[in-house]
Every structure is written in structure tokens, then in C-alpha cells.
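Engineer: Sequence:
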Amino acid sequence: MCGCDLCLDSSISWWCLTGEVRMATEGPLEELIDAITCPICLGYFKDPVMLECGHNFCKACIVQSWPESEEASACPECRRLFQPMDSRPNWQLAKVVQLVKLWVERCTERRRELCKRHRKPLKFFCKDDEAPLCMVCKRTKAHSGHKVALLEEVARELKEKTKAQLKAMEEERKNLEGCKITQEPGRSEWLKM
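Residues 1 to 193 in full-length UniProt numbering are what the sequence shown lists, from first letter to last.
Treat the hints with caution; some may be incorrect.
[What the hints assert, rightly or not] Keeping only pairs whose Cα atoms sit at most 20 Å apart, straight-line, the calculated SDA-like set for lysine to any residue is:
| hint | residue 1 | residue 2 |
| --- | --- | --- |
| 1 | K95 | P28 |
| 2 | K59 | C78 |
| 3 | K127 | L150 |
| 4 | K120 | M135 |
| 5 | K101 | C115 |
| 6 | K127 | T162 |
| 7 | K95 | L29 |
| 8 | K159 | H143 |
| 9 | K161 | D128 |
| 10 | K127 | E160 |
| 11 | K46 | A72 |
| 12 | K138 | K163 |
| 13 | K101 | T37 |
| 14 | K59 | W103 |
| 15 | K127 | R139 |
| 16 | K141 | E152 |
| 17 | K120 | L99 |
| 18 | K46 | R119 |
| 19 | K46 | K101 |
| 20 | K59 | R88 |
| 21 | K163 | E152 |
| 22 | K101 | P84 |
| 23 | K116 | H143 |
| 24 | K116 | N90 |
| 25 | K46 | P84 |
| 26 | K46 | I33 |
| 27 | K174 | A164 |
| 28 | K138 | A164 |
| 29 | K59 | D47 |
| 30 | K46 | E31 |
| 31 | K163 | R173 |
| 32 | K138 | K159 |
| 33 | K163 | L151 |
| 34 | K95 | C38 |
| 35 | K163 | E153 |
| 36 | K59 | D34 |
| 37 | K59 | C41 |
Think of the hints as simulated: they come from the structure by calculation, not from any bench.
Could you put the whole structure together from the sequences, leaning on the hints where they help?
Structural biologist: Pasting the structure below:
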């Protein structure tokens, strides 16, 4: 499980861990995914519009299905005729799509923080292998005798080293600028000769 509220449901947690939208099992998640999927392009709605019949499509998808003349078109779902100019933006649906995308993004971020092998949080870092580890990985023979530290500790040390290196580079840059300024007058005299 990635830890999100929806992952309390096992069918949803499977989806969160794998990220497979199309393979989600039955239930509320599947209904939600269907509700925000364009029946033409089969992707999340982009700029959704609602026709008079109540069906929704991506604006670009439905525009492509319109005839070149301004005559009535048929809804791709129910075949009911509608006037292209009568389609309206569906702001509520656009908001739902945006919220689901954010939720999927959060689940994906949380999934990245899990061990791919054991689906446990990555809390340790093996300095010998230079790899993040979960508690199960840490206890395996593969890492016995290795230098293992808390991941947060290693990240803090690396951040401090990076800051020190940046400071040294900044000082070196200032020194080089100082050399350039002191050599400029002499250089111009040499060029005159």
C-alpha cells in the first residue's frame, strides 16, 4: 500500500502500487476511472465538453467528429443529433479529472518511496552498494557486513557535503575574478606592443 486513504481497499491498493488504471478491479475506483475517461480517445478528459444529451468528450475529440458543414452531428455514444455550437464546457468534470490526476501523482510518488521487491518503505542506505534499502533488504545476507545508515542521515550528510563544495567553488570563482581584474591592465599594455 502506498498509504493513501483509498489504499485501505485492497483492490484500490493493488491499483495504487501498480499504477495500472485499465486493470483496476471492479468497484468505485473503476467507476471513477470510467467517469473521467473519454470514450473516443480512451484517455483522461482534456477540456471536457458536454453535449445536449449529457454525454461528455474531450473538446478536441468531439470537434474531429463534426462534419465540415455546420449541420447537426450525432453523439458518438447515443447517436442523438446535436448542434456543434450547443456543446458546453464541463468545468465540474474538468475539476474531477484534475483531482484524480493529483491523487494518481501522489500515489506514484509514494510508490517510488517503496522497495520494489518488498513494498516496504525505504528507510536505510547501503553505503557499500550505494542503494536505498527497506527493513527486509537490510536484514538479508546480501547486505550483512555492509555499512548501512538511515536514509535521512545519509541525505543530510550529502546535502552538507554539497553545500561545502558549492561554497568552495564560489570562493574559487571569486579568486579567479580577482585574478582577471588584476591582469587586465597588464594585458592591455602587452597588446599595445
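Engineer: Compare the structure with each hint and give your call.
Structural biologist: Hint check:
Straight-line distance between C-alpha atoms of K95 and P28 comes to about 18 Å, which keeps the hinted pair within the 20 Å bound. Between K59 and C78, the direct Cα distance comes to roughly 17 Å. Compliance with the 20 Å bound is thereby established for this hinted pair. Straight-line distance between C-alpha atoms of K127 and L150 comes to about 10 Å, which keeps the hinted pair within the 20 Å bound. For the hint pairing K120 with M135, the CA-to-CA distance comes to about 7 Å; that is within 20 Å, so the pair holds.
Proximity of K101 to C115 is assessed by CA-CA distance (about 23 Å); at most 20 Å being required, the pair is judged violated. Among the hinted pairs, K127 with T162 is consistent with the structure: their alpha-carbon atoms are about 17 Å apart, no more than 20 Å. This hinted pair checks out: K95 and L29 have alpha carbons roughly 17 Å apart, not beyond 20 Å. Restraint check: the Cα-Cα separation between K159 and H143 comes to about 25 Å, which exceeds 20 Å; the hinted pair is violated.
A distance of roughly 18 Å separates the Cα atoms of K161 and D128; the hinted pair therefore holds under the 20 Å criterion. Restraint check for K127 and E160: satisfied, since their Cα atoms lie roughly 17 Å apart, inside the 20 Å limit. Straight-line distance between C-alpha atoms of K46 and A72 comes to about 23 Å, which puts the hinted pair past the 20 Å bound. For the given pair, K138 sits about 29 Å from K163 by alpha-carbon distance, which is inconsistent with the 20 Å threshold.
The hinted pair formed by K101 and T37 meets the criterion: a straight-line CA distance of about 12 Å does not exceed 20 Å. Distance restraint check for K59 and W103: the Cα-Cα separation of roughly 23 Å exceeds the 20 Å cut-off, and the hinted pair is therefore not satisfied. For a cut-off of 20 Å, the pair hint linking K127 to R139 stands: about 15 Å separates their Cα positions. For the hint linking K141 to E152, the alpha-carbon distance of about 23 Å lies beyond 20 Å, and the restraint is violated.
With a C-alpha separation of about 26 Å, the suggested pair K120 and L99 falls outside the 20 Å cut-off, and the hint is violated. This hinted pair does not check out: K46 and R119 have alpha carbons roughly 33 Å apart, beyond 20 Å. Proposed proximity of K46 and K101 is supported: the alpha carbons are some 12 Å apart, at most 20 Å. A distance of roughly 9 Å separates the Cα atoms of K59 and R88; the hinted pair therefore holds under the 20 Å criterion.
Between the alpha carbons of K163 and E152 the distance comes to roughly 16 Å, so the proposed pair stays at or under 20 Å and holds. Note on K101 and P84: the hinted pairing is violated, with a Cα-Cα distance of about 28 Å set against a maximum of 20 Å. Annotation: proposed proximity of K116 to H143 holds, straight-line Cα distance about 16 Å (limit 20 Å). As the CA atoms of K116 and N90 are separated by approximately 39 Å, the hinted pair breaks the 20 Å bound.
Restraint check for K46 and P84: satisfied, since their Cα atoms lie roughly 17 Å apart, inside the 20 Å limit. Under the criterion of a C-alpha separation no larger than 20 Å, the hint pairing K46 with I33 is consistent with the structure, at around 14 Å. Distance check on the hinted pair: K174 and A164 sit about 15 Å apart at the alpha-carbon level, within 20 Å; holds. In summary, the hint linking K138 to A164 is not supported, as the alpha carbons are separated by about 30 Å, beyond the 20 Å threshold.
Annotation: proposed proximity of K59 to D47 holds, straight-line Cα distance about 6 Å (limit 20 Å). The suggested pairing of K46 with E31 holds, with an alpha-carbon distance near 18 Å, which does not exceed 20 Å. Using a Cα cut-off of 20 Å, the hinted pair K163 and R173 holds, with the two alpha carbons roughly 15 Å apart. The hinted pair formed by K138 and K159 fails the criterion: a straight-line CA distance of about 23 Å is larger than 20 Å.
Taking the CA atoms of K163 and L151, the gap is near 18 Å; set against the 20 Å cutoff, the hint holds. A distance of roughly 15 Å separates the Cα atoms of K95 and C38; the hinted pair therefore holds under the 20 Å criterion. Straight-line distance between C-alpha atoms of K163 and E153 comes to about 15 Å, which keeps the hinted pair within the 20 Å bound. A threshold of 20 Å between alpha carbons decides the hint, and for K59 with D34 the separation of about 17 Å falls inside it, so the pair holds.
Restraint check for K59 and C41: satisfied, since their Cα atoms lie roughly 11 Å apart, inside the 20 Å limit.
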